[in-house]
Amino acid sequence: MNGPLKRAALACLVMFGLLMINVNYLQTVRAEGLRSDSRNFRNFYDRYEIDRGRITAGNKVLAESVDTGSNDFRFERKYPGGKVYAPITGYFAPESERDMELAENSLLNGTSADLLIRRSLDLFSAKQSKGANVDLTINPKAQEAAYKALGASGKKGALVAIEPKTGAILAMVSIPTYDPNLLSKANKDTVNQAYNKLDKDPDKPLVNRAIERSYPPGSTFKVVTLSAYLESDDTIGPETQVNAPTVLDLPNTTDDLPNSGGAACGSGRVTLSFALEQSCNTPFAQMGMDLGYDAIQEQAKKYGIGGEPLEIPLPVAGSSIGKREDQAALAMTSIGQRSNQMTPLQMAMVAAGIANNGVVMKPYLVNKIADSEGDEIQSADPEELSTATSEDTARKLKEMMINVVAKGTATAAQVPGVTVAGKTGTAETATGQAPHAWFISFAPAEDPKVALALIVESGSAGGEASGGHTAAPIAKSVIEAVLGK
Amino acid sequence: MSTPSAEPVLLPAKRRVAQLAMLAFAVVIVMIAYANVGLAIDDKIPSGMLTYGLGLGGLMLAAYLVLAKFAPWADPLILPLVTLINGLGLVMIYRLEQAGAFGASASTQLLWTAIGVVMFSVTLIVLRDHRALQRLTYTAGAVGLFLLISPLLPFIGVEENGARIWIGIPGVGQLQPAEFAKLALIVFFAGYLVAKRDVLALAGRRLLFIDLPRARDLGPVLITWGLSLGVLIMQKDLGSSLLIFGTFIAMLYIATQRTSWVLIGILLFIGGAILAGLLFDHVYARFEVFLDPGNKELYARELGGSEQLMQGLFSMASGGIFGTGLGQGHPDLIPLAISDFIFPATGEELGLAGLMALLMVYALLVERGLRTSIAARDPFSKLLAGGLSFILAWQVFIIVGGVTNLIPLTGLVTPFMSQGGSALLANWILIALLVRMSDAARKPPPQAIQDEGMTQVFQR
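Heads up: the sequence lines are chains S and G, in that order.
If you read the first sequence in the numbering used here, its first letter stands for residue 1, the second for the next number, and so on.
If you read the second sequence in the numbering used here, its first letter stands for residue 1, the second for the next number, and so on.
Only chain G is shown next, with the shape it has when bound in the complex (with noise of 0.2 Å):
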């Protein structure tokens, strides 16, 4: 061992202070539109921006100082990209309440927004270290299962627009169950991966040019996988199976190095697919409308038509390069505009530039959880930060794709905008992890105090 250098360690930076001017300019942004949408429909700066305003500004503030004091080391750009992103959402929300679209309030979705700060403050006070969660690696996998199965038990599950996938909690309202479960899915891959990794990519047979690991190996998180994947088929939930098909496939990946895994993903993917085309009308009728959404017989047909998509196309093409302004638009003609087609919706108002910069404040965000990733120091750590970035991205990817016909649309939220709290409150919580595993990753390693040779102390 050597001794230290001489030369000081150079730390990086907290930049707390550029954090609070970020996120006070994401709540700056945010208002400006609101008064906008206010100012296009009625004339006047609308009558809630103060209690919005305030709302939005006081939650993002506390939720700064929650970061400050438990995550001091956290990346600092993180909390306001997501201001940002839930921020516009809500106004989109205000603005779709405005023209009467069916079941949008705003005020609902600043409660959880609310309620989402609350869940991240929670999660950061509570989980001093992410890695104790390694330690929750089955209990994570049961929970999931359970969460998932949850809507199809009796007496809590509710079926709502033919899919089965909420629960009601009786004084609370009902809640989506997969979009915690999706969380909880992760840890537990995480966590088995990082124990079985160098099981799964050494021991094992060679069939023709895959390396197949031993079935003990991989039975456990194969099960949990299937499972998963059978109970959301079975709820009708595409879009939840897609995305958590697409999340396993690449942790497999990311834990074992093998593009082998990748390829296996795909073929069984595509096998996938044509069969659940194959059996199931309403999967079928997902890539008819996806192969010719303008078809007019697909546009009229009552289930599983082409219409919705057609809407969103049709709004984001009105919308144009520059978009036609907040609250100029028509994003209310858009069926469900405030859920899965709230992204058309954005388009139309906001225009191509709007949504340009709205995918790029995603990619950022997906970026610095990537880079947390990379820059965590234990496996578990990179396995479980590249994890939930991935589900980010690829859930952005499924839901946007779909509704811009760029791939078949499954239902799917679009994270932080759509109007419904169960995914707000996940993803707030998939937020205060990356947080605290990014103040992990960036807070400086302990320094030797003073020169003392082959013994070290800690900081703690």
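Chain S with its partners taken away, still in its complex shape (with noise of 0.2 Å):
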């Protein structure tokens, strides 16, 4: 019976040998498809198996990994910083991550090529390998002052602040927000109904305003077609004359260009500073038909308008001054109206331009990324975008602004003891709605520390809302923040 109880050995042992074959391509070259199936949950309790880096914002926590000791969700996200800095922050949900915490993800949860060594050094000495800590540039003062000053009585709109001289942002509020630790929970159906209850509210706290969306710039853009104009010839300056008439002739059009409420400017005929401290509207469309599609808008490209979308490292959504169209639109288009759309971080490019002699710094969010144990792995190094304007040119903007808050439609900004320079906006959206207020400014005009832009929307600061009414005072404490007053 020797024989066949040898082949029957023989069977045993294919089949085993068939069982270890069809283990090894299970758990090698089937593996990679079967571990991303999006019904296999292991994804779901493997991102919480990551003790993810904390973001700071200088001393401040404004989110970290909190051991909760459970066998399936390890490590739970928090949010210190909430509502707040939601938008800079982000949030962890179970099945996606956004803002910070997506841009900085490889980092922030250790797998990055840059955290071999660490990773290496942890594994033996047997350490829980930890991701890298993002250190941000925001001021928390500054930030926590434009959430209070711009939050207030219920309206909308958006801060962003920077340091001139390096494009550090020290402030970027966007309102309404959101809590992100709601969508952060490890529990897919919470999160998702929290989720859409966000998505879906009419205020859209989700969207970060400042960077995500663009809006109608009004009057603080008239800085940049008087940049082309000052530009376009050396020996313009604050005391040249300009025509200003009550209304502007629309070439080619039945309609009129107004100033704003129909106001005359002073004589008819002013001068340059004068035009820009009472925000005449006439002088301004006048410049930009006299100049041209072409140079205002080359020298808004300078400004950083309509070139390559921005990361800092969130993803900045485009601004643009709209097509080549009739003389007409160009008029629009040089007071910020018609298709002149800008982010929030745009319009405070401008003012840091203005501030640092004509020269744009790129924005950025990330100051320095250290690992678990404190070395340096990355740390922000200021790059110029772009020279906007002359050195010369800047110092006559800056001196026009500076008499906007000394004596123009934006005396709501001013600090005392600070040289503040500024611009007002008041831009319409639709005939028969309430205007957008914007602000530029940086200060103190000598030696800036601060630029920025804000923008209350439309409707929530009243039907009376105006540059220098409603955001110009919110920019003044956001300064006072900043320079410690």
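Simulated from the structure, these hints should not be mistaken for lab results.
Since the model is a prediction, treat every value here as computed from it, not as a measurement.
Cβ coordinates follow ideal geometry from the N, Cα and C atoms, glycine included.
Each pair of labels, with its calculated beta carbon distance range:
#1 32/S / 100/G: 27 to 37 Å
#2 14/S / 281/G: 27 to 37 Å
#3 281/G / 96/S: 33 to 43 Å
#4 103/G / 148/S: 52 to 62 Å
Take each chain as given, in its own frame, and dock them per the hints.
Below you can see the structure in the form of structure tokens.
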């Protein structure tokens, strides 16, 4: 009987061989596909196995992973910064992440190749590997002051404050906002419910208005038009006289362009500085038509408008002065209307460029990234984006913008003991609707420490909203916070 | 007859010390695995570790002592191999219990292991000569059939999860008689086929190119086999039907040496499988799931869906080559990971490396069994040992092949690993039988104590 027994043994060998081959095939060749299958909940659990790095702003912790001791959801993400910092930190949800959590994901969760050495060291010292910590450029005092001032009395809008010399973003506020703690719970259903509720909210709290949405900049754009004008001829200065009729006839149309509220602008022949102080429409519209679309577009581009989309590292929506149309449209574009669309960050870059003697620095949010032991992996390296104007032009613009705050439309932004420069904007959205109130500013004018742009959205500050009354006082509190006043 | 040669006969070594060392090694591996689970889950050595360790160690020492006393010549590798698999099963069940998996209870399984070791010892002590079983051929057949039918009987039969394969014993709990029936049936097959193997192989007519035995020779065994399959199919126990069918074919082949039986068996099986697929929805469902387990509709299907299979595959894939480490994966995501799907659950935490080792341990165990069979001195022992070893290999193939989508999934326990008392008891008895036969096979043949010419004196 030994013959058939040996053959039966061979059959057993074949069976075990087949099993082994199949197990090899499953756990190596097919493993990747099966592992990433959406029905494999392990992906979901694995997200919580990682001790993600912290997101901080100076000494303030904005996001951190807390060890819950649970086996399924070991580390829960908490946002002590809450709503105020939500548009920057984003959140770490069961299936996705957003904003800074997304932009620096591979460093925060420790998978980045930059952390290879740290991971190897942790392996040898049997330490639980941690993600890298991300430190932001945000100044918590400015951020909180801006959030408080902008969010007061139910206003909606956004504010961005930049350090002009470096491009470091000191504050970035978007209101209304959301509580990231609700979206970082380790429960898909709860999070989906919370997300859908926020997503359906007509006020769009999930949108970061500072960088993801663009608005007509209104009169704040006049500084761009003015830059082009000043650049076109060295002899032009704040005291140069320009025509400022009450109403400007727009060529080839039946429409006329009036000044704000149909008011007269001085005597009809005013200095450039006066036109800017009072934010007269007619001289700037004329200026735009005289310079032509190309010159305005060229100048806009030097401020970063319509160029490569920025990543700070959060992706920034594009800004644009609109397509080439007729002269009448160009007149409207020159005073920040028509298809002229700017993100608040872009307008802050305009203010920062002027503050920094015409040089626009690339804006950034990440100050430095260090591994769990504190060894630096990356640190910010301020970079020039472009040269917007000559130093001379910047000086003239600065002088006129100081006048706007000193005796023009933005007196509400005055800070005792500090020279503040600024420009208001009141952008019409649609006929019959309340305008957006804008303000761009920098201070102290002699040695600018902060440049900012802010917008209070249409309808959230009453029908009579204007850059001077609604927006300028908010800038004041942010400047005070940054300068420690 | 020649005179015995002058040089001494070489005796096979007993290797009792080596066996004890390997046994200790197996227990140590299991203990380390326990500690590993505790450290991974709670960052501390599990409090029950000493109980489990002493429990398992004590049990195996007892089994070893019984073996050393009553079957001293037995293969030294069999007991350590079984200890390792059983211990690993205990660790996995403990680990799943920690994760709150439904029904997982390591202490119950340890209790059943203890009873299993008692059954092992009792079998070795009571059954001094396994050939006594040959005299019980027909009794074994009748007992096997009765055990199979018993769940269908009123009062004692219990239905669970749609399969009526349990009997309730007041005060004890539930038993799965099919697990014991398979042992009885193998004894019957072995006894019957040995008695009839000459007539089966020689007498008969030749049809085409296949030698068909006479009906009256094959009758009893065919009837028993047919009845077993019929009952199991009625109970919707596909796994056990396949197990008994395959083992019967293998034993028939070993007994008669006729390849034609294997061919007939395979043809019958394919025909039967197609017929069953056409007749029974639940069989058809298994085929559907086997061919396309990832299908979204099949995955979501309430009855006979592929969710459990897919979760098993996800589990193994997530383990990858080295596994997540004990206590660090999520094998509890597999529905009923403690029974049929303990293999993929192990694969997640121990990885490909662990599964290869596990399959090697099973293969070694089967190999030791088959070696016993080849070394056995009488046909009954050969056939019985061959049948028992084959059924072990065949069972591993059916269940592991099923959960890894190599063959359609039919429910069966993974021997010595899955939680469940009946299977554990039956398999410990199976191992006792193998050990008993191995002892008989390796015991040195009676030696002539002096040159007695034609007279021989037997040692007793």
